[in-house]
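Peer 1: Got chain W; can you put chain L on it based on the hints?
Each chain, letter by letter, is given below.
Protein chains: 2
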Amino acid sequence: MSGLNIKRLDSQLADFKAQMDKLLAWEAVSDEKVNNIVNEILTRVRNEGDSAVVEFTNRFDNTQAQSMADLEMSQERLQQALDNLPQDQRNALETAAERVRSYHERQKGESWQYTEADGTMLGQKVTPMDRVGLYVPGGKAAYPSSVIMNAMPAKVAGVEEIIMVVPTPGGEVNELVLAAACLSGVDRVFCVGGAQAVAALAYGTETVPQVDKIVGPGNIFVATAKRAVFGAVGIDMIAGPSEILVVCDGLTDPDWVAMDLFSQAEHDEDAQPILVTPDAEFIDKVEASIEKLLPTMERKEIIETSLRLRAALIKVTDMEEAIEVSNRIAPEHLELSVEDPEALLPKIRHAGAIFMGRFTAEALGDYCAGPNHVLPTSGTARFSSPLGVYDFQKRSSLIMFSDEGASEMGKVASVLARGESLTAHARSAEYRIKD
Amino acid sequence: MSGLNIKRLDSQLADFKAQMDKLLAWEAVSDEKVNNIVNEILTRVRNEGDSAVVEFTNRFDNTQAQSMADLEMSQERLQQALDNLPQDQRNALETAAERVRSYHERQKGESWQYTEADGTMLGQKVTPMDRVGLYVPGGKAAYPSSVIMNAMPAKVAGVEEIIMVVPTPGGEVNELVLAAACLSGVDRVFCVGGAQAVAALAYGTETVPQVDKIVGPGNIFVATAKRAVFGAVGIDMIAGPSEILVVCDGLTDPDWVAMDLFSQAEHDEDAQPILVTPDAEFIDKVEASIEKLLPTMERKEIIETSLRLRAALIKVTDMEEAIEVSNRIAPEHLELSVEDPEALLPKIRHAGAIFMGRFTAEALGDYCAGPNHVLPTSGTARFSSPLGVYDFQKRSSLIMFSDEGASEMGKVASVLARGESLTAHARSAEYRIKD
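First to last, the sequence lines map onto chains W and L.
Per my numbering, residue 1 is the first one in the first sequence, and the count goes up by one each step.
Per my numbering, residue 1 is the first one in the second sequence, and the count goes up by one each step.
So here's chain W without its partners, still in its complex pose (with noise of 0.2 Å):
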C-alpha cells in the first residue's frame, strides 16, 4: 500500500535474524584521506599552538581573525545573547536547565571507605576532573540543547572550568546556542571548529587551556581527531545516527507512533526509526499515518530519506519477542508505547534511554524530562550509558595499612610477588612484617 516501501520484517520468516543483521549494520566510513588531513591538522596545532588554530580557521571557517583574542567570545556576549532572547525561549530554556540539573544531582557519585578489623581503611576517592573541552557543532546542527545536556552533567560534578568551542562558519553565530552557553556556566569560549579545536583543547596553546576530557557531537574530522587524541586525554562515545524503536501494543494512536518515528528520522538522511509490534493491523496503521503526515512536514525530505533507507516495521508474535528484539538492536531510544511499560521494564536489557507509556514521547526527553540526550548510538548501549556526571568524575583507590595488617598481607604479597617473579615486589612487602 505504501509508495515510501518502508522495510517490513516479520519475526515468523526463516530469515528474520538476517534481515535483523542487515537492517542494523551501520559503519563509520574510515577514510585514509581524511585521516591524513586530521593528523596534520593535529601535528600542526601541537606544535605551533595558537597561530595554526588561527591559521585553520581563517581558512575552513572563511573568517579573518589576526590572533586567538579575535576569536574568543566574551562573557557579557553570552549573557547579552541570553538577555535578547524571547521571553517564552526563555522560559523554557531555563525549566529544561533547572530540570537536567536536578535529575543529575542524583548521579554524583560520593567518596567512601570502610575499615576492617585489623584497622585497615580501604575506600575510593571520587573527584571532579579540573577542566572540560565541549564542542559544539556550527551550522544547521548547532543545538542549545545539546549544550545544556553536554555542559550541565560536568557542572553538577564540579568541574571548575568548562571551555566551550564553535565554529562560526563566515563569522555566523547562533544566539540561542549562545544563550545555553550562558545559562549553562559554560567558561570560556573560543570560536573555532573542526580538527583544530579538538587539537587546541587535547593539546592546549598559548590561549586555549588543555582539557581533561572533550565530549560533545561534530563531523567527520571532529570524530576522527577526537579518536586521535583519545589517551592524551578523555573523550564521551563517538556518536552514530540517531535511533529510535517503538514497541506497542497496537493501541496506541497511530499518529503519535508515525510521529515518533519522525522525530528521529527528521534528524539525518541516516536515522533509523524502527516500530516493533505484535499487531500486524496497527503496521498497516501506523504506514497509513506515516503517509498522511508525511506531506504535512517541514523536514520531510530528511525523514522520507530516512524511512526509505533505515526504517523498519516489525511483525513480532507477542511482547516478549518485541523485548527479545529491542535488546538485540540496544537502541538509543526506546519507546515502550504499552498500557504496563513496568512491566517490561525488568526484561530490558540494553537501551540508552527508555520511554515508558503513551504519553511519553522520546522529543520530551529531548528537551526537558531531565536525563541526558547523549546517548549511545548503533548498538553501543551494550556497552555504554548516556553521558552523565559519572563521566566527569574519577575515582582513586584508597589502601591505609594498619601495621598488623600490612604484615598479614605482606605474606600473601610475597608469595604472589615471588610466584610471578617479581621479588622487588615481594622484597617491599616482606619489609612491612613483623618479626
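Treat the hints as calculated values from the structure; they're not laboratory data.
Hints may be right or wrong, so weigh each one.
The list treats identical chains as one, so a pair stands whether inside a single copy or across any two.
Simulated crosslink set (PhoX-like; lysine-lysine; CA at most 25 Å straight-line) [claimed, not checked]:
(1) Lys434 x Lys292
(2) Lys285 x Lys125
(3) Lys300 x Lys285
(4) Lys411 x Lys300
(5) Lys125 x Lys347
Peer 2: Chain L alone, transformed into the frame defined by chain W:
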C-alpha cells in the same frame, strides 16, 4: 655521589616546570607499519572468522592447530591447574581473590528512581554487560594477579560470560594464570593472542562469541587493535608504562622507599619511579639505599635502566608543594609515606590509587589489598579511574510521564524544538498536550 646519575629536580630552580614537563613526557610510538599489519589482521578475521584466527595463531605463535577447537582450553584443564598449585600459592591466590571480590562489591551501582509531584517517574536502570573479553599476555608478562584484577570486577558486576584469550607461544602455558582464571570464574579460554585475538572478540567468529567489551593489557599490536575496534566494542584505557610517586616526609626507612621505587622499576625499562620530599638529606639517604640494594636485585638490569632513564628525586619546599607536584603528575600509584596521610588526602586531586602511611607498600595493592591494580597511567588519572565494577555495568535512563506531566513538559519541549527548527519533535510533544 651516584654512579646511576638519577635525575634530581628542585622546585626552587627556575626551570623546574620545564624539567617536570620533560620528565613526564611520554608517548607510545604510533607506527604506520604496525597499523597496517593490525588492519589487515582485523579485516581478515572479520571476513573469514575461525580460519583466519587459526592461520595467524599458527604463524605468530608457532602452533599447529587444525581448527579453533584445538585452541580452546577446557574448564577441566583450568581446574587441574588450580588443583595442582602448591598449597601456599593456592592459599595466597584465594585470599587475594576474596579480598578483591569483597572490595569490588562496594562499587556495584544500583538502579534508582523517583516520582515527581505530578506522578512523573524518572530514574536510572543499571545492568551488567552480557559478555566480556579478557586479554591476558603470554610469556614473561603473564601475571595471575592481572587475571583476578580484570575478571573479578566483571564477575561482581554480574557479567554472564567472561571469555579469556591468552597466547601460548610454542604451546607453552602458564599454570598460575590458568589457576587464577579458574578462581575468577572465567567461562571460556582460547589460546590466541595479538590482534587476531582482539578481532575475534570484537567481531565474533563461528567459535569465539562476540563480546561487548575487551579489557586487559597487551603489546603494541594488541593496543593498536583495541584502539581500532573501539566503538564496535568497549575497551579499557590503553595503558602506558607503570609509575610510582612516593611522597615522603623524610622519616620512612630509606631502604623501604628505595625498594618501593624498585617495585615499579622492575616492571619495565620505561617504568617511572619518582620520590618527592622536602628533606634534601633524605634524598641522599634514599640514593644510598638504592646503590646498596640494587646489586642484590634479581631484575637489576631492568631496574637500573628504569632508574637511569625515567626516575627522579625531587626536592620541594614543603609538603604542600609536594602535593602540588603530585597533582601535576597525576600518578598511577601514589605513596603517602608520612605520619598523617589523612591530613594530605583532601588536597589530592588526581591519582589512580593512594597508598597511605609508611606500612602501605604499593606492592600490597598489586596483589591483595582489595582495590584494583589496573590503574590509569601517564597522567590519565586526570580523567580516568581504576578498573572497576562500573566498567562492566551500564545505565539506561528511565522516563515515565504522567498525562499531566507530559502536557506541561510538552509545552516546554514544543518551544525549544521549534527554536531548533525540529518540528516533528515539536508536534510529537504537542500531541501529548491536553486541551
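Peer 1: Hint by hint, say whether it matches the structure.
Peer 2: Hints, one by one, checked against the model:
{"no.": "1", "hint": "Lys434 x Lys292", "result": "between (83 Å within a copy, 23 Å between copies)"}
{"no.": "2", "hint": "Lys285 x Lys125", "result": "neither (54 Å within a copy, 33 Å between copies)"}
{"no.": "3", "hint": "Lys300 x Lys285", "result": "within (19 Å within a copy, 77 Å between copies)"}
{"no.": "4", "hint": "Lys411 x Lys300", "result": "between (71 Å within a copy, 23 Å between copies)"}
{"no.": "5", "hint": "Lys125 x Lys347", "result": "between (34 Å within a copy, 11 Å between copies)"}
Of the numbered hints stated above, the single one contradicted by the structure is hint 2.
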